[in-house]
Amino acid sequence: LAKTTQPISMDSYEGQEVNITCSHNNIATNDYITWYQQFPSQGPRFIIQGYKTKVTNEVASLFIPADRKSSTLSLPRVSLSDTAVYYCLVGAWDTGNQFYFGTGTSLTVIP
Amino acid sequence: EAQVTQNPRYLITVTGKKLTVTCSQNMNHEYMSWYRQDPGLGLRQIYYSMNVEVTDKGDVPEGYKVSRKEKRNFPLILESPSPNQTSLYFCASSEDRGRPFDYGYTFGSGTRLTVV
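Protein chains in written order, with the working numbering: chain A, 22 to 132; chain L, 872 to 987.
Take these hints with a grain of salt, some might be off.
To be verified - A short list of chain A residues far from chain L (calculated; beta carbon distances all over 12 Å):
hint, residue
1, 25
2, 27
3, 29
4, 59
5, 66
6, 68
7, 70
8, 75
9, 87
10, 91
11, 97
12, 104
13, 120
14, 130
Claimed, not checked - Restricting the straight-line Cα-Cα distance to at most 20 Å, the calculated cross-link-like pairs of lysine to aspartate or glutamate (DMTMM-like) are:
hint, chain 1, residue 1, chain 2, residue 2
15, L, 888, L, 901
16, A, 24, L, 924
17, A, 24, L, 901
18, L, 928, L, 872
19, L, 942, L, 901
20, A, 90, A, 103
These are calculated hints, taken from the structure and not from any lab test.
C-beta: ideal position from N, C-alpha, C; glycine also.
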């Protein structure tokens, strides 16, 4: 079960791009990388998922280098409502579906 | 509306009194899972179920039981709760096609349990 390492916390000003990097040195061939967002007292919410290179959706981009030992979640032009905890997960969808959440990165967006 | 419903949202109980936290999903998902969340420890998986009558331990299963008699329901049972099980609990579900998809897990709103 691949574990992940993320910064504990980050601050950013409103309107800036935020990049949160996650290390996953033991990622396996079948593992995918998924990011979730969690607001206080709510369940986590899926943001984006990828296997390699770059994935983009309407809320974020995910950059994965060729060795896949790390990944970077990019949030364009953050607003105050993006203040939340962001979790990086690594796991395979075909082997027991066990994903390790870790402690996440607490992002605070400052006006 | 597609959702995962947990009940109750808040529960205070005494040590040793058996309790059940219910979880139900209306998306016909095969996979369901329970997590607990504690300050500084993130979310830790308790049990998961790949389908009806198929369950397996997660990272912190001690003191918990689960059952999956129907596809939509996955109750979490604490036979003899102790104060160290005071936590915020989340149920989650997803499809299980054996391949990735674009929307990951759907989580419930959480159950805050206090054992005194």
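Evaluated hints:
1. Remark: the non-interface label on residue 25(A) conflicts with the geometry, its nearest Cβ contact in chain L lying 10 Å away (cut-off 12 Å).
2. In this structure residue 27(A) is not separated from chain L by more than 12 Å, as the shortest Cβ-Cβ distance comes to only about 10 Å.
3. With 12 Å as the threshold on Cβ separation, the claim that residue 29(A) sits away from chain L is violated: the shortest Cβ distance comes to roughly 10 Å.
4. Residue 59(A), annotated as away from the interface, has a beta carbon of chain L within 12 Å; the closest lies near 8 Å.
5. In this structure residue 66(A) is not separated from chain L by more than 12 Å, as the shortest Cβ-Cβ distance comes to only about 7 Å.
6. Its closest Cβ contact with chain L, about 8 Å, brings residue 68(A) to no more than 12 Å, contrary to its assignment away from the interface.
7. The beta carbon of residue 70(A) sits about 6 Å from the closest Cβ of chain L, which is not more than 12 Å, so the claim that it is off the interface is violated.
8. Every beta carbon of chain L lies more than 12 Å from that of residue 75(A), the smallest distance being close to 15 Å; the non-interface claim holds.
9. Once the 12 Å rule is applied to beta carbons, residue 87(A) is consistent with being away from chain L; the minimum gap is 19 Å.
10. For residue 91(A), the non-interface assignment is confirmed: its Cβ lies about 19 Å from the closest Cβ of chain L, beyond the 12 Å cut-off.
11. Residue placement check: residue 97(A) keeps its beta carbon more than 12 Å from all beta carbons of chain L (closest about 19 Å).
12. With a closest Cβ-Cβ approach of about 18 Å to chain L, residue 104(A) is found to remain outside the 12 Å limit, as its non-interface label requires.
13. Listed as a non-interface residue, residue 120(A) fails to keep its Cβ farther than 12 Å from every Cβ of chain L; the least gap is roughly 8 Å.
14. Even its closest Cβ contact with chain L, about 21 Å, leaves residue 130(A) beyond 12 Å, as expected for a residue assigned away from the interface.
15. With a CA separation close to 31 Å, the supplied pair residue 888(L) and residue 901(L) exceeds the 20 Å bound.
16. Of the pairs offered as hints, the one joining residue 24(A) and residue 924(L) is violated, with about 28 Å between alpha carbons and a cut-off of 20 Å exceeded.
17. Using a Cα cut-off of 20 Å, the hinted pair residue 24(A) and residue 901(L) is violated, with the two alpha carbons roughly 25 Å apart.
18. Between residue 928(L) and residue 872(L), the direct Cα distance comes to roughly 30 Å. Violation of the 20 Å bound is thereby established for this hinted pair.
19. With a CA separation close to 7 Å, the supplied pair residue 942(L) and residue 901(L) stays within the 20 Å bound.
20. At most 20 Å may separate the alpha-carbon atoms for a hinted pair to count; residue 90(A) and residue 103(A) exceed this at roughly 26 Å.
When each numbered hint is compared with the structure, violations occur for hints 1, 2, 3, 4, 5, 6, 7, 13, 15, 16, 17, 18 and 20.
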